[in-house]
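Q: In case you want the letters, here they are:
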Amino acid sequence: MKTVFVNPERCIGCKQCQIACAVEHSKSKNLYQAIAEDRKPRPRILVGPGVVLDTSFPNKCRHCEPAPCMSVCPTGAISRDGDTGTVVVDADKCITCAMCAMVCPFDVITFYPSYKATLDKAVAIKCDHCIERLRRDEVPACVEACKVGALVFGDINELVKAARTKLAQTVSVAVGQIEPATARLPANVEAWRDLGRAVTQAGREVES
Amino acid sequence: MTALEDRAVQRSVDPATQSMLRIAEKQGIETVWERLEAQLPQCGYGELGLCCRHCNMGPCRIDPFDDTGPQKGVCGATADTLVARGLLRAIAAGAAAHSDHGRDIAHTFLLTAEGKSGGYEIKDEAKLAALAAEYDIATEGRSKEDVALELAHAIHAEFGNQSGPIRFTRRAPAARVALWEKLGVDPRGVDREIVECMHRTHIGVDHDYVHIILHGLRTSISDGWGGSMIATELSDVLFGTPEPVMSTANLGVLKENEVNIVAHGHEPTLSEMIVAAALDPGLAALAKEKGAEGINVVGMCCTGNEILMRHGVPIAGNFLQQELAVITGAVEAVIVDVQCIMPALPDLAQCYHTEIISTSPKAKFPGATHIEFNEEQAFDIAKTIVRRAVENYPNRSRERVSIPDDKTECMVGFSVEAIVKALGGTLEPLLDAIRNGTIRGIAGVVGCNNPKVRHDYGHLGLVEDLIANDVLVVNTGCNAIACAKAGLLLPEAAEQAGDGLKAVCQALGVPPVLHMGSCVDISRILVACGAIANALGVDISDLPVAGAAPEWMSEKAVSIGTYVVSSGIFTVLGTVPQVLGSPNVTSLLTAGAEDVIGATFAVEPDPHRAAVLMLRRIESKRKALGLPFVDPESIAMPEPVTA
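Taken in sequence, the protein lines are chains A and B.
Letter by letter, the first sequence follows residues 1 to 208 in our numbering.
Letter by letter, the second sequence follows residues 1 to 643 in our numbering.
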């Protein structure tokens, strides 16, 4: 199964994925025209801030199986694409009841007018894995936009394996008490994170 | 391989560039085009001008799609404020670059007047006298050095002038100056306006986008009618006012069996001396000793334009060709000063024998050899640099040399003085041709290259359409080099012009596209427009003229575009400026400015459509002046070409 795998420790919070997502889901597919479209395209991936400063998580539909949203949709507007396993919304069948949003474990279904709907009213908006791009053998727009490797697209087991291997290496280095040459982050990013943690911590100490 | 599959053809219309790109690809050498691909997709916040790093509560960005997303920065700045502030800082940087170049020339001029510079002299005494008169400096019975000294001090004072006006701004028609004064955009000094840009864009200062942009106009005027004009005028005094001269352009000017030295960057102070040093008999002998047949100095970008205009020194190419010159494997040294020099050069040069030699006290490049230049020992330093290049010749690896055959003849050197001379000593024949419609109007086409645009495609498509429609084109910078390479700077190119322009060019023996110099020499275009407007008794905004920067990329180009519009000239940009995140700012620049300053910007990436926008503007101005005109709306707008 192919999916967008998130490496939250690499996310620097630039939100380029959000812009790329909105443009990809616009009628024009062009940034300069998209910002002027009547039914403004919306990002379906949302970068939320972590508890600690300078941490963030790009949150999006995980295309669950079984998908709670699909199970509760009373009109059958939500279905699964056979080839890609993508959970998709038929904008014209959506009655904006928000049942899907209530059961979504990730809170990533929102409601806005879409150029794909006949009626100019809010419909359920969620990640569709850029299904048109997938069919052209392109990666989702958010993944293409991510310049730091926080979002990668591929087979879930292969991506997990790669991450697991890296983790194993790091742990083994730590166990050996050796300078972590295989650390996953550049020193300046680690220092930046450390400072973020320190700033967050400093605020807490004053509170308590 | 079909043309469309060939990436080299997609990236450039220039044959020399295409052949070098194929060689680069074969050798696995990275160039600016690969680096652009690695950046794609570029950040939408940046493209729209919706990010701000001016304080440490930020960085902030404004969500252009989601109005439940952030619509204000932490301080409360809106999209309008962010975009206007970003634009103002770009203008400040561009004006600073041009004006600091002007300051350096003024400094050389001062040292020369004091007898302290090493190798410079006052070459154009007539221009010195004219400038002295403009500054109310007496010349009767005084030596040229004495006059020059007083003028040098007066011009130096323009940079620190606190209360204005900058003298050269008064070359603009009285109506234009009155408008600048009324709007409060008449610059008070060169440095002051740039400093104020930085102050206004600091956290918590200026937030009204109209107010911010008005200061942008003021700053840009201090560049075009100030710093840039100072650079041009004093360069003419020191190095001679350009006159028509023949030369050649494109990478084919590099020579197989000679020491090739590429002078790249912007200021003429160093390149003039390199040209002189290369003629030194001792160095010529050394070159022979090293097995070379001679020393071949060629130019690149605007420092190349300076020595091309004044000495007919061949020009190897424009901005996007700087890496390709190194990839020919035939360049012993690239000598650089300031502006538009890619920091990629030293890394690239490691793959060849080429030495990158930086010279400016302001600009160092990791990996380059730094031989600092100063005006006092100019000639000696130039000789040291040329010697280094000559000594590098035996390191050239013969089997890696591949110089493209492409080079084209060109006629360059059209200063305002040279144009007036070509017209027989007065502007009148040109004015007549404009009045009777033989020539519809004049277009200034300038600006950079940008890998987002197919190299030279924007420049050539626009210029060819304009001359075919009887619009006389004047150009500078990378556009001028593009046109030189394409043969448009030859009198024979009149064949590509419409019947009216063709007849005028053939009668005068001049090309339909006049090369007026480097990017600071856009000031020459302003002077010409001012003179034409004064001769017709109107403002510049009434003239049948238009400007364009089809492939612009630099902050200098932002300042240029702004001073051209501030001077009353409609300007078409070929790449999208980082302002679209604010519909208000966009609308001010593309529509509202018309009622304020008498001109606007337009953005049109398709050169053939851009040409129509300019032709329509020119015809509407002809109509307003009561000259024979074609209904602007009857000029058909071509459908955009889709890739």
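Source of the hints: derived by calculation from the structure; they are not laboratory data.
Check each hint, because a few of them may be wrong.
Output of the computed footprint for chain A on chain B, the stretches with three or more beta carbons under 8 Å from beta carbons of chain A [claimed, not checked]: (1) 56-66; (2) 500-507.
In silico EDC-like links for lysine to aspartate or glutamate, alpha-carbon gap of 16 Å or less [stated by the list, open to error]: (3) K452(B) with E34(B); (4) K40(A) with D66(B); (5) K2(A) with D120(A); (6) K144(B) with E121(B); (7) K147(A) with D67(B); (8) K362(B) with E372(B); (9) K116(A) with E65(A); (10) K123(B) with E243(B); (11) K40(A) with D63(B); (12) K147(A) with D38(A); (13) K182(B) with D499(B); (14) K40(A) with D67(B).
Glycine included, each C-beta is placed from N, C-alpha and C at the ideal position.
Q: Run every hint past the structure and note whether it holds.
A: We went through each hint and held it up to the structure:
1. With 5 residues bearing a CB less than 8 Å from a CB of chain A, the segment 56-66 of chain B meets the requirement of three and the coverage assertion stands.
2. With a cut-off of 8 Å between beta carbons, the segment 500-507 of chain B has 0 residues touching chain A; three or more are needed, and the interface restraint is violated.
3. Of the pairs offered as hints, the one joining K452(B) and E34(B) holds, with about 11 Å between alpha carbons and a cut-off of 16 Å not exceeded.
4. For the hint linking K40(A) to D66(B), the alpha-carbon distance of about 8 Å falls within 16 Å, and the restraint holds.
5. Distance hint between K2(A) and D120(A) is unfulfilled; the C-alpha atoms sit about 33 Å from each other, more than 16 Å.
6. Annotation: proposed proximity of K144(B) to E121(B) holds, straight-line Cα distance about 10 Å (limit 16 Å).
7. Among the hinted pairs, K147(A) with D67(B) is inconsistent with the structure: their alpha-carbon atoms are about 25 Å apart, more than 16 Å.
8. This hinted pair checks out: K362(B) and E372(B) have alpha carbons roughly 10 Å apart, not beyond 16 Å.
9. Simply put, K116(A) and E65(A) have alpha-carbon atoms about 25 Å apart, too far for the 16 Å limit, and the pair is violated.
10. Among the hinted pairs, K123(B) with E243(B) is consistent with the structure: their alpha-carbon atoms are about 13 Å apart, no more than 16 Å.
11. The hinted pair formed by K40(A) and D63(B) meets the criterion: a straight-line CA distance of about 12 Å does not exceed 16 Å.
12. Between the alpha carbons of K147(A) and D38(A) the distance comes to roughly 30 Å, so the proposed pair goes past 16 Å and is violated.
13. This hinted pair does not check out: K182(B) and D499(B) have alpha carbons roughly 42 Å apart, beyond 16 Å.
14. Our distance criterion of 16 Å between C-alpha atoms is met by K40(A) and D67(B), whose separation comes to about 10 Å.
Comparing the model with each earlier hint shows violations of hints 2, 5, 7, 9, 12 and 13; every other hint is respected.
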